[in-house]
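Number of protein chains: 2
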Amino acid sequence: MKYNLAIIGLGNVGTGLIEVLIQKKESIKTSHYIDIEVVAVCDKIRGSIYNADGLDLNLIAELANSKRSLDEYPDAQHGMDSIQSITDTNANVVIELTITNLKTAEPAITHVRTALSHGKHVITSNKGPSSLYHNELRKLAHDNHVQYRIEGTVMSGTPVLRTAQYGLAGCTIHKIRGILNGTSNYILTKMEKGAEYDAAIKDAIRHGYAEADPSGDVEGWDALAKVVILSNVLLDGNISNADVRKEGITELKHTDIKHALSEGYRWKLIGEIEKRDGQIIASVSPQKLPLSDPLANVMGSTNAITFETDILGPVTIIGAGAGRIETGYSIISDLLTLHQIQTSR
Amino acid sequence: MKYNLAIIGLGNVGTGLIEVLIQKKESIKTSHYIDIEVVAVCDKIRGSIYNADGLDLNLIAELANSKRSLDEYPDAQHGMDSIQSITDTNANVVIELTITNLKTAEPAITHVRTALSHGKHVITSNKGPSSLYHNELRKLAHDNHVQYRIEGTVMSGTPVLRTAQYGLAGCTIHKIRGILNGTSNYILTKMEKGAEYDAAIKDAIRHGYAEADPSGDVEGWDALAKVVILSNVLLDGNISNADVRKEGITELKHTDIKHALSEGYRWKLIGEIEKRDGQIIASVSPQKLPLSDPLANVMGSTNAITFETDILGPVTIIGAGAGRIETGYSIISDLLTLHQIQTSR
Numbered sequence: 017m018k019y020n021l022a023i024i025g026l027g028n029v030g031t032g033l034i035e036v037l038i039q040k041k042e043s044i045k046t047s048h049y050i051d052i053e054v055v056a057v058c059d060k061i062r063g064s065i066y067n068a069d070g071l072d073l074n075l076i077a078e079l080a081n082s083k084r085s086l087d088e089y090p091d092a093q094h095g096m097d098s099i100q101s102i103t104d105t106n107a108n109v110v111i112e113l114t115i116t117n118l119k120t121a122e123p124a125i126t127h128v129r130t131a132l133s134h135g136k137h138v139i140t141s142n143k144g145p146s147s148l149y150h151n152e153l154r155k156l157a158h159d160n161h162v163q164y165r166i167e168g169t170v171m172s173g174t175p176v177l178r179t180a181q182y183g184l185a186g187c188t189i190h191k192i193r194g195i196l197n198g199t200s201n202y203i204l205t206k207m208e209k210g211a212e213y214d215a216a217i218k219d220a221i222r223h224g225y226a227e228a229d230p231s232g233d234v235e236g237w238d239a240l241a242k243v244v245i246l247s248n249v250l251l252d253g254n255i256s257n258a259d260v261r262k263e264g265i266t267e268l269k270h271t272d273i274k275h276a277l278s279e280g281y282r283w284k285l286i287g288e289i290e291k292r293d294g295q296i297i298a299s300v301s302p303q304k305l306p307l308s309d310p311l312a313n314v315m316g317s318t319n320a321i322t323f324e325t326d327i328l329g330p331v332t333i334i335g336a337g338a339g340r341i342e343t344g345y346s347i348i349s350d351l352l353t354l355h356q357i358q359t360s361r
Numbered sequence: 017m018k019y020n021l022a023i024i025g026l027g028n029v030g031t032g033l034i035e036v037l038i039q040k041k042e043s044i045k046t047s048h049y050i051d052i053e054v055v056a057v058c059d060k061i062r063g064s065i066y067n068a069d070g071l072d073l074n075l076i077a078e079l080a081n082s083k084r085s086l087d088e089y090p091d092a093q094h095g096m097d098s099i100q101s102i103t104d105t106n107a108n109v110v111i112e113l114t115i116t117n118l119k120t121a122e123p124a125i126t127h128v129r130t131a132l133s134h135g136k137h138v139i140t141s142n143k144g145p146s147s148l149y150h151n152e153l154r155k156l157a158h159d160n161h162v163q164y165r166i167e168g169t170v171m172s173g174t175p176v177l178r179t180a181q182y183g184l185a186g187c188t189i190h191k192i193r194g195i196l197n198g199t200s201n202y203i204l205t206k207m208e209k210g211a212e213y214d215a216a217i218k219d220a221i222r223h224g225y226a227e228a229d230p231s232g233d234v235e236g237w238d239a240l241a242k243v244v245i246l247s248n249v250l251l252d253g254n255i256s257n258a259d260v261r262k263e264g265i266t267e268l269k270h271t272d273i274k275h276a277l278s279e280g281y282r283w284k285l286i287g288e289i290e291k292r293d294g295q296i297i298a299s300v301s302p303q304k305l306p307l308s309d310p311l312a313n314v315m316g317s318t319n320a321i322t323f324e325t326d327i328l329g330p331v332t333i334i335g336a337g338a339g340r341i342e343t344g345y346s347i348i349s350d351l352l353t354l355h356q357i358q359t360s361r
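Chains as they are written, first to last, in my numbering: chain F, 17 to 361; chain S, 17 to 361.
Chain F extracted, bound-state conformation (with noise of 0.2 Å):
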């Protein structure tokens, strides 16, 4: 089967993917049955290039790395708006990868909600969509008989969305915890080795594993849209920001880490999402967790969730939560997922 993709953002994730795309392709053709095409790119500064044939990926990569304009690219349409570089393109599959907003998840709501009404299959790693329209899309991709997946949204290209929805299929899972923010959880791994709040985020921004602004992710607003996104996606919540109690780790102290530590116990930034009764209570917050929890020695910028589970228990997945590359690689994981559904309806 042959899959035609117009990638909509050509920042660190859009670059990581072609990248992995230069590495993959052959051996996903060789091992899955799928060509794979980049038919399409939009990226707000760099340009756009359309070729309904096929573009050269390691041009675009070389492109993209040097930080030249996709004007450069020979033997393609330019000019394209990312609007027209979904609807006007022969693209099946839409890629949005633009950088979230997690107060308006503009603009790739409207990519994402132009593409599944143009019957065309999306697969994103942007967060803000799903944290604040999930139900409504996952709605749409139903009524226009295509996918809506977005693997990425949490844990980069860790497996944890697939794993829940398969892996654990035939499972009840009633309780999901889990460390979502590598650079909380760095700067957390920072001070226990010393080093009080402030300049564990001054190092955590030099090394580059916060933001020149890190409040999104120290006051937990990250954790918290994907605790929004597993709530809805896997115990069928239709919870929405207002409705996590959410408290960051702008507080915490060397010496509360010290002192726990003493004890037995670690300060996490835990996303915690419990079903009982039907109703989900959800919630962002610093917890004290024995060291004898998997989470508890889950460091520097890994993440890791917890399923809890009527038959098996405990599942615990730890693994990247971040990086170029593994994001970009969560795209091919959910369009393998994508055309392993395809295959059996």
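Bear in mind the hints are in silico, worked out from the structure with no lab data behind them.
Fair warning: there could be bad hints in the mix.
Where chains are identical, the list cannot tell them apart; a pair therefore holds if satisfied intra-copy or between any two copies.
Below, a list of computed lysine to aspartate or glutamate pairs in the EDC-like style, where the Cα atoms sit at most 16 Å apart [to be verified]:
no., residue 1, residue 2
1, K83, E267
2, K41, E263
3, K262, E212
4, K119, E324
5, K40, D326
6, K41, D326
7, K209, E288
Based on these hints, arrange chain S on the given structure of chain F.
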């Protein structure tokens, strides 16, 4: 789609499977459009029953749990042996759950070969056939256009094979490391709390975590079988038991464990498989892991596996390693995978 199961072996796992089916049959039917009927059960001690229209699961569970003979079951044909239960029934999926024999794989291997060559799918958690004859059985299944599925051979129903094969599809796994034997991990945990080796073993036997003869666990044979399976199933290996360097935990002393811990390390029995230049290098041995390693913090009878991948780096799954219900569930999990693959052909 309808799946008629013949269950060969009604011990702990077989009864666990019946109980999971009682609990989950209806919800699986609703969610996955699969009709599951158990048409035949055959056990060397309890006897056998066959009814082409399906058997009453509650009645089977009642007889099994009160250690009564299946001869007491009404409305069924009695007296078939295991081979007849496979070949002379309308079962299309054979569930092999006899006791594991790591030396000859009998009687399981005969059951599996018979079923596959008669064009029946096989699902098993029995480690014998796959640790000794996996590649032969994979070919036999392929030639007969049926599936041979073995999720439960490693970490019971915790989805490790499935995650590696599907969730990590597109990634290359170059190394696998795991705590694959719950009994030895339980003993090491007890020893850390102060017990000497002999006392820890007695405790494990008393709590049902070890057999009266625990040599298969503490000498590493059980972990070795799983290492062979992981090599041959996930890394395209073709190795046998003799290719795996094996050392058990029998030489470890309480003082070794305490000493390591004081230096920030923990002794674990680790199964390790690496693929280097196309060659498999496999071992089971006690390793002194830094506490920063996710495997170092897996305590008690819990198991865990870390897959080292090219794209995502390490991905670790922690969960139940054994248990009658957990392993019973592995069969359902495999049946759902089998169904998904059948319908995608």
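Results for each hint:
no. : hint        : in the structure
1   : K83 x E267  : neither (39 Å within a copy, 59 Å between copies)
2   : K41 x E263  : neither (42 Å within a copy, 41 Å between copies)
3   : K262 x E212 : neither (22 Å within a copy, 46 Å between copies)
4   : K119 x E324 : neither (30 Å within a copy, 36 Å between copies)
5   : K40 x D326  : between (37 Å within a copy, 11 Å between copies)
6   : K41 x D326  : between (39 Å within a copy, 15 Å between copies)
7   : K209 x E288 : neither (26 Å within a copy, 31 Å between copies)
The structure is inconsistent with the numbered hints 1, 2, 3, 4, 7, although it conforms to all the rest.
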